[in-house]
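Asks: The lines below spell out each chain.
There are 2 protein chains.
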Amino acid sequence: MDPSYRPSLVHKNSSGSVALPFAGSDLVLSPSQWSRHVVGKISSWIDLDSEDEILRADSETTLKQEISWASHLSLQACLLPAPKGKSCGNYARCVNQILQNLNNMQLWLRIPLVKSEDDSMDVNSDNLIDSWEIWNSFRLLCEHHSHLSIALDILTSLPSANSLGRWFGESVRAAIINTDAFLTNARGYPCLSKRHQKLITGFFNHSVQIVISGKLVHRLPKGNTAVASNSDGNNVDGGQGHPLRPYLDYIAYLYQRMDPLPEQERFELGYRDFLQSPLQPLMDNLEAQTYETFEKDTVKYIQYQRAVCKALLDKVPEKEALTTTTVLMVVGAGRGPLVRASLQAAEETGRKLRVYAVEKNPNAVVTLHGLVKLEGWENIVTIISCDMRHWDAPEKADILVSELLGSFGDNELSPECLDGAQRFLKQDGISIPSSYTSFIQPVTASKLYNDVKSHKDVVHFETAYVVKLHNVARLAPTQPVFTFTHPNHSTDRSNDRHKKLRFEMPNDTGSAMVHGFAGYFDATLYKDIHLGIEPSTATPNMFSWFAIFFPLRTPICLHPGSSLEVHFWRCSGPTKVWYEWGVTSPTASPIHNSNGRSYWVGL
Amino acid sequence: MDPSYRPSLVHKNSSGSVALPFAGSDLVLSPSQWSRHVVGKISSWIDLDSEDEILRADSETTLKQEISWASHLSLQACLLPAPKGKSCGNYARCVNQILQNLNNMQLWLRIPLVKSEDDSMDVNSDNLIDSWEIWNSFRLLCEHHSHLSIALDILTSLPSANSLGRWFGESVRAAIINTDAFLTNARGYPCLSKRHQKLITGFFNHSVQIVISGKLVHRLPKGNTAVASNSDGNNVDGGQGHPLRPYLDYIAYLYQRMDPLPEQERFELGYRDFLQSPLQPLMDNLEAQTYETFEKDTVKYIQYQRAVCKALLDKVPEKEALTTTTVLMVVGAGRGPLVRASLQAAEETGRKLRVYAVEKNPNAVVTLHGLVKLEGWENIVTIISCDMRHWDAPEKADILVSELLGSFGDNELSPECLDGAQRFLKQDGISIPSSYTSFIQPVTASKLYNDVKSHKDVVHFETAYVVKLHNVARLAPTQPVFTFTHPNHSTDRSNDRHKKLRFEMPNDTGSAMVHGFAGYFDATLYKDIHLGIEPSTATPNMFSWFAIFFPLRTPICLHPGSSLEVHFWRCSGPTKVWYEWGVTSPTASPIHNSNGRSYWVGL
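For the protein sequence lines, the chains are A and B, in the order given. Going by this note's numbering, the first sequence opens with residue 1, and the numbers climb by one from there. Going by this note's numbering, the second sequence opens with residue 1001, and the numbers climb by one from there.
Chain A with its partners taken away, still in its complex shape (with noise of 0.2 Å):
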């Protein structure tokens, strides 16, 4: 649009009969291009919260037929100019008004990357300049709209990494790297510091869009002068001759430069920030695919291999090994893969086993019966068709084998089966897994966030998820939750649990937003062998497991140098087992699912 234009400079009388000044009609490039190659860029002039109300209303106006023209065009996003001021109140007022009609299209509000660095704590200051406190009033005014997302641009100096890392959480779709931000290299090329080369990866790694803007500032070294004489477009349309090519080519090298994705991640790709209701598999029977899948993880069988080898040496004396035989029982046996790997420590170790497979699914026992004549152990492995809770066991075990744990470590009720199993184990006997703790974080997630709105019911609010957390920013480390230890020989044998935690973020990461937990787990298998997915003990190359997410009904805004307060409960009725939480500080939240009236876990 032609940027002198102002609404209310058209004569009034003349403006039925005069066509908008828009650059040129939409017959310039065909509807295919304009929709895959082409992102509108609304008027930069306008400002909606003005002081100036002519200007505010000029400024609605344009802003409306820009975006009705956009949408004429079938454009994919518009690029909105950032607000000028700190108040954006009309503006993100218009903005949602127009989000409310929008079909398909996305707006980008453009956020200068800026935080000021500044130590004091005082919420109030005047100072204080966070363009993400500006981008979190315009979106919450907007109710987290899902076609309202970011383009940030990419300055000279950067906020500090916290401070980065905030915006891994929030939708952003594009960077604009202004020209200016570059430096030059030793021959005279445009290259990126080292923070700025790190968060160009980090945008790759999150697909989001780079788009370099601004003149070409470098003059380049001899060879390319008279592309450098040409230096009057804005915007990279990867020509050949384009002014902006050494910036352009400069960014691809930096992806060229990236690792390969690891293996793990690759097979991961597909279920990045994708909700997953977690397994109830108590309740119901798992399907032969979900075994087929989790029987693949080798580092998880290889460490419970390693932790029977090491209970079978401490239990039985080096010059016993022949004359003494270990009875081995995995309760919760699925098709066989604890059996196998109990064996191989066994064979490993030299020590004699019995091994009783105690497996409540009839269909997977079909598979455990197959697998034992196929292997041959038929002397050796019992196969027990019973719930563990039930089973009335011939002899006591000396070792109880199980992998019963979710995401969250207890969440898939394993303390109540292995309490039900622990009747059959000796006073002295061993449970492999030993103990294990579940973990939290406080995260920023708006992509997971929209997720969960998206079903409009609290019902989704108060459920837990399974999902591979990427498009989330972790604003605190993690703090253990809920620990069981097995065989548990207190008196007091109850299951139900209460937490109270309190996160405290770095003071340079400035507010962020609490869009819900993401939970781990880390579980003790035997002394010092363990095996988890808390991120900083996370046993690598291991894929049972995903992350678990528990949302929060009304996200919370943590601002510098205020902690966050929140409490678990693990609680239990006649039929089931469910958790409640809910934050306390810096403002109380609901109790989320109270009495497990939205998610809980059959016994």
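Calculated directly from the structure, the hints in this document are not laboratory data. Careful: at least some of the hints might be erroneous.
Okay, the calculated beta carbon distance ranges per label pair [as the list claims (entries may be wrong)]:
{"no.": "1", "chain 1": "A", "residue 1": "Ser8", "chain 2": "B", "residue 2": "Gly1573", "range": "16 to 24 Å"}
{"no.": "2", "chain 1": "B", "residue 1": "Gly1573", "chain 2": "A", "residue 2": "Gly188", "range": "55 to 63 Å"}
{"no.": "3", "chain 1": "A", "residue 1": "Ser8", "chain 2": "B", "residue 2": "Pro1480", "range": "23 to 31 Å"}
{"no.": "4", "chain 1": "B", "residue 1": "Glu1504", "chain 2": "A", "residue 2": "Trp69", "range": "39 to 47 Å"}
{"no.": "5", "chain 1": "A", "residue 1": "Phe274", "chain 2": "B", "residue 2": "Ser1008", "range": "43 to 51 Å"}
{"no.": "6", "chain 1": "A", "residue 1": "His489", "chain 2": "B", "residue 2": "Val1458", "range": "52 to 60 Å"}
{"no.": "7", "chain 1": "B", "residue 1": "Thr1325", "chain 2": "A", "residue 2": "Leu20", "range": "46 to 54 Å"}
With a straight-line Cα cutoff of 27 Å, these simulated DSSO-like cross-link-like pairs (lysine-lysine) come out [claimed, not checked]:
{"no.": "8", "chain 1": "A", "residue 1": "Lys84", "chain 2": "B", "residue 2": "Lys1500"}
{"no.": "9", "chain 1": "B", "residue 1": "Lys1453", "chain 2": "A", "residue 2": "Lys453"}
{"no.": "10", "chain 1": "B", "residue 1": "Lys1468", "chain 2": "B", "residue 2": "Lys1500"}
For each residue, glycine too, the CB sits at the ideal point set by N, CA and C.
Assemble chain B onto chain A, guided by the hints.
Replies: Quick look at chain B alone, frame taken from chain A:
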């Protein structure tokens, strides 16, 4: 229940056959006595947020047992002990679980009425004791459950008036006055300080039950000593010889001393805190009953008559009184009250009038014709059955009289109607009213919030309601929002508006919850004759308008020293006018009613 009872001390094996140690069986009172006269009192030792795990578990078990017993007895309410410390997460979780399964019983959480009068603005100060904060956390965790209310413990000293004022917007059901809080009058009898008296009177006005608790601590003058010796009772039973009788007598005296309710308040009693949808008199036709009610508001029509008098005197000098006939048009004449007021003004001032009564409701026109005939006004009054926006007037008016105002001034589309009627007003003509302004103020209104919430949809949270505000705390003085002036000779005739307001709470209030905004209007009829419901300038004894209430989807907690920034927009489309509103500070709320999706007024 036996105060020494602790579930953990009961021998495990015998628990199946042991009766709970309740004071007596349900047979000591009749069912109707239990349900009408008894409020249950939960053991005061319980502490669900204790560091002591056993005490915590005992507390939860006991709380659930006692509530269950109270339900069994069909009690109307149970008194819950005040949270012991600053942390109440687990207590709230447990109460919330109970609330989910409760049918009709109310739970009254005891809250001591304390707030340190610390002037410090530091929100994070650990020394700030404000029991309202505890209540607020507790009820947020319980999601504003409508069965959770407050029993305030009144102590010897009271917080500031602003701090006390907050409680009148909360669901306070009882005020428990300890006998220690009473002073002694000159004759040796108990009495209360002036500030306590005022508070108790406020409670009477809000139907808060007064409970007297504690021992007889006053040595009564001779003649009452026999009673004083028997000072073991804990609660009032109303019996003649009750040891707390002197306190009760004093409270009864305070009640009897109160001024009787003025007639208007008595009339409005049934409407208190009852949400009504605003009228749509433009789109709908009012019913006879509605006209009947509003016509009775003599105060209003006296103001109109005074305004018309002044206008006539200004228009027609004394010497032209007999020769000049003023053309007065009543636009929206209804069943004729403004026609009558205008004619009375003409008579009072001795000026000659020609009146046009324009009314779009054909049913009201029937009554108008009857009135004109009955009063013999045929030569003076011409009845026009037409919408004023479309009427083709035979001549222009000197004075335009209308009563198109809603509780929020322009919310019944007076601006649009009068703009339409302005065509037939002379260039120097007068509009009565000549201008009107809307006002808002933030309020605590938990009852209204819960009523809106009970609909379980967004639509009701984005609707403005007409309501007689009573159980409401006004947190800051009103501020003007939109002003309209008639006639409007400006070239830009848009009636769209945008106003950003910033409310500062008095420092001594403490934190408070904003559930929404109360709205009012004030209209200048002519020169110094005004009419309105803005509290500080409200026209006395006028009953045509209640306030308007704009709810917030998520209540906003205001901390001391922070201010509330809110935006109101008046927007319009081809067929409707609507408001949007949203808070931008301390945190941003969603924009309410975007595009008038939930609430609008038809053109």
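Asks: Within 27 Å, alpha carbon to alpha carbon, are B/Lys1453 and A/Lys453?
Replies: holds (18 Å)
Asks: Given the hint of 55 to 63 Å, is the C-beta distance from B/Gly1573 to A/Gly188 inside that range or not?
Replies: holds (58 Å)
Asks: Using the Cβ atoms, figure out if B/Glu1504 sits within 39 to 47 Å of A/Trp69.
Replies: holds (43 Å)
Asks: Take the C-beta atom of A/Ser8 and the C-beta atom of B/Gly1573, compute their distance, and say whether it sits inside 16 to 24 Å.
Replies: Between A/Ser8 and B/Gly1573, where Cβ atoms are some 21 Å apart, the hint holds.
Asks: Is the distance from the Cβ of A/Ser8 to the Cβ of B/Pro1480 consistent with 23 to 31 Å?
Replies: 26 Å Cβ-Cβ, so the 23 to 31 Å window holds.
Asks: Tell me if the beta carbons of A/Phe274 and B/Ser1008 are separated by a distance inside 43 to 51 Å.
Replies: Cβ of A/Phe274 to Cβ of B/Ser1008: about 46 Å, so the range 43 to 51 Å holds.
Asks: Compare the distance between the alpha carbons of B/Lys1468 and B/Lys1500 with 27 Å, and conclude whether the hinted pair is satisfied.
Replies: OK: B/Lys1468 and B/Lys1500 at ~26 Å, within 27 Å.
Asks: Need the status of pair A/Lys84, B/Lys1500: alpha-carbon distance at most 27 Å?
Replies: Within the cut-off at roughly 17 Å; holds.
Asks: Range first: 52 to 60 Å. Now tell me if the beta carbons of A/His489 and B/Val1458 are that far apart.
Replies: holds (53 Å)
Asks: Given the hint of 46 to 54 Å, check if B/Thr1325 and A/Leu20 actually sit that far apart at their C-beta atoms.
Replies: holds (52 Å)
Consistency note: the structure conflicts with none of the earlier hints.
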